[in-house]
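J.: Residue strings, one per chain:
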Amino acid sequence: SQKIEQNSEALNIQEGKTATLTCNYTNYSPAYLQWYRQDPGRGPVFLLLIRENEKEKRKERLKVTFDTTLKQSLFHITASQPADSATYLCALDMKAGRRALTFGSGTRLQVQP
Amino acid sequence: GAVVSQHPSWVICKSGTSVKIECRSLDFQATTMFWYRQFPKQSLMLMATSNEGSKATYEQGVEKDKFLINHASLTLSTLTVTSAHPEDSSFYICSARAGGGAGTDTQYFGPGTRLTVL
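Protein chains in written order, with our numbering: chain A, 1 to 113; chain B, 1001 to 1118.
Hints are computed from structural coordinates only; laboratory data are not their basis.
Be aware that a few hints might be false.
If you only want the chain A side, here are some residues facing chain B, beta carbon under 7 Å, derived [stated by the list, open to error]:
id, residue
1, 42
2, 43
3, 44
4, 46
5, 49
6, 100
7, 101
8, 103
9, 105
10, 106
20 Å max Cα-Cα, derived EDC-like pairs, lysine to aspartate or glutamate [what the hints assert, rightly or not]:
id, chain 1, residue 1, chain 2, residue 2
11, A, 95, A, 60
12, A, 63, A, 84
13, B, 1041, A, 9
14, A, 57, A, 84
15, A, 17, A, 67
16, A, 3, A, 52
17, B, 1041, B, 1052
18, A, 3, B, 1059
19, B, 1041, A, 84
20, A, 95, B, 1059
21, A, 95, A, 52
22, B, 1020, B, 1065
23, A, 57, A, 67
24, A, 71, A, 5
25, B, 1041, A, 5
26, B, 1020, B, 1087
27, B, 1041, A, 39
28, B, 1014, B, 1027
Yeah, the Cβ is synthetic: ideal placement off N, Cα and C, and Gly gets one too.
The following block holds chain A by itself, in its conformation from the complex:
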């Protein structure tokens, strides 16, 4: 069966440390993988998109890796801040059909001051 798995338990880290979130998928062949941030009661906010032929993408303190062999993406936030506390969602885009996104369940990140 098709699955997208993210750490279901909250990730607690100290301010200034690097947060690493994992997204694993099974029986999908995404062309793109996207990461979103969602705050309570709000819609997702786009962070980064990485294509299947890209290994790594960076944007300011954010870094995403994409390993299509392992079927895994890692999302890193360096020099984390309390304001980074939120739920982070990975989403797969198969670049086929209707181009809707398929979301993981998200990982809640809590950065302690």
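Put chain B on the given structure of chain A with help from the hints.
T.: Coordinates of chain B only, in the frame set by chain A:
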């Protein structure tokens, strides 16, 4: 940047009434808009895909007669929950993808609408 708005941000209604939610792309034309639903502590689940000027495509298990979608223009899609019941209470989120050119791979989400049916 691309902005998507939703209105209302929250609504409370009585069982049996209908509720309309608007989704607008403010600074780009969206050939495709998507409607998602999110229950507490769960992820977003796609309900339907709408393309401007054509009928929406619904996901399996989503009643098209209950969730009416109209994508009347390149910047506006509406979702009407007809004869709402308490089990329809949820967080409804729309997203939009620009048509053609760079940036079409990214979906931009609205802030969501909290529907509570009493």
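J.: Identify whether the interface hint at residue 46 of chain A stands, where standing means a beta carbon of chain B within less than 7 Å of its own.
T.: It holds, given that the least Cβ distance between residue 46 of chain A and chain B is near 6 Å, below 7 Å.
J.: Min Cβ distance, residue 49 of chain A to chain B: is it shorter than 7 Å?
T.: Where the cut-off is 7 Å and the nearest Cβ of chain B is about 6 Å from residue 49 of chain A, the hint holds.
J.: Could you grab the alpha-carbon distance between residue 1041 of chain B and residue 39 of chain A and see if it respects the 20 Å cut-off?
T.: holds, 12 Å
J.: Checking hints one by one. Is residue 100 of chain A an interface residue toward chain B, by the C-beta closer than 7 Å rule?
T.: The hint holds - residue 100 of chain A has a Cβ within 7 Å of chain B, the shortest such distance being about 5 Å.
J.: Answer holds if the nearest beta-carbon of chain B is closer than 7 Å to that of residue 43 of chain A; otherwise answer violated.
T.: holds, 4 Å
J.: Verify the interface restraint on residue 105 of chain A: the C-beta must sit less than 7 Å from at least one C-beta of chain B.
T.: Holds, because the Cβ-Cβ distance from residue 105 of chain A to chain B comes to roughly 4 Å (cut-off 7 Å).
J.: Take a quick look at whether residue 1014 of chain B and residue 1027 of chain B sit within 20 Å of each other, Cα to Cα.
T.: Cα-Cα ~34 Å, so violated.
J.: Under 7 Å is the threshold here; is the Cβ of residue 101 of chain A close enough to any Cβ of chain B for the hint to stand?
T.: Given a least distance of 6 Å, the restraint on residue 101 of chain A holds.
J.: Holds or violated: residue 63 of chain A and residue 84 of chain A, Cα atoms, limit 20 Å.
T.: holds, 14 Å
J.: Does residue 95 of chain A pair with residue 52 of chain A here, judged by a C-alpha cut-off of 20 Å?
T.: With Cα atoms ~11 Å apart, residue 95 of chain A and residue 52 of chain A stay inside 20 Å; holds.
J.: With the threshold set at 20 Å, check whether the alpha-carbon distance from residue 17 of chain A to residue 67 of chain A stays at or below it.
T.: Roughly 24 Å separates the two Cα atoms, so the pair is violated.
J.: Would the pair residue 1020 of chain B and residue 1065 of chain B pass a check requiring their Cα atoms to be no farther apart than 20 Å?
T.: holds, 14 Å
Checked against the numbered hints above, the structure breaks hints 11, 15, 17, 28 and satisfies the rest.
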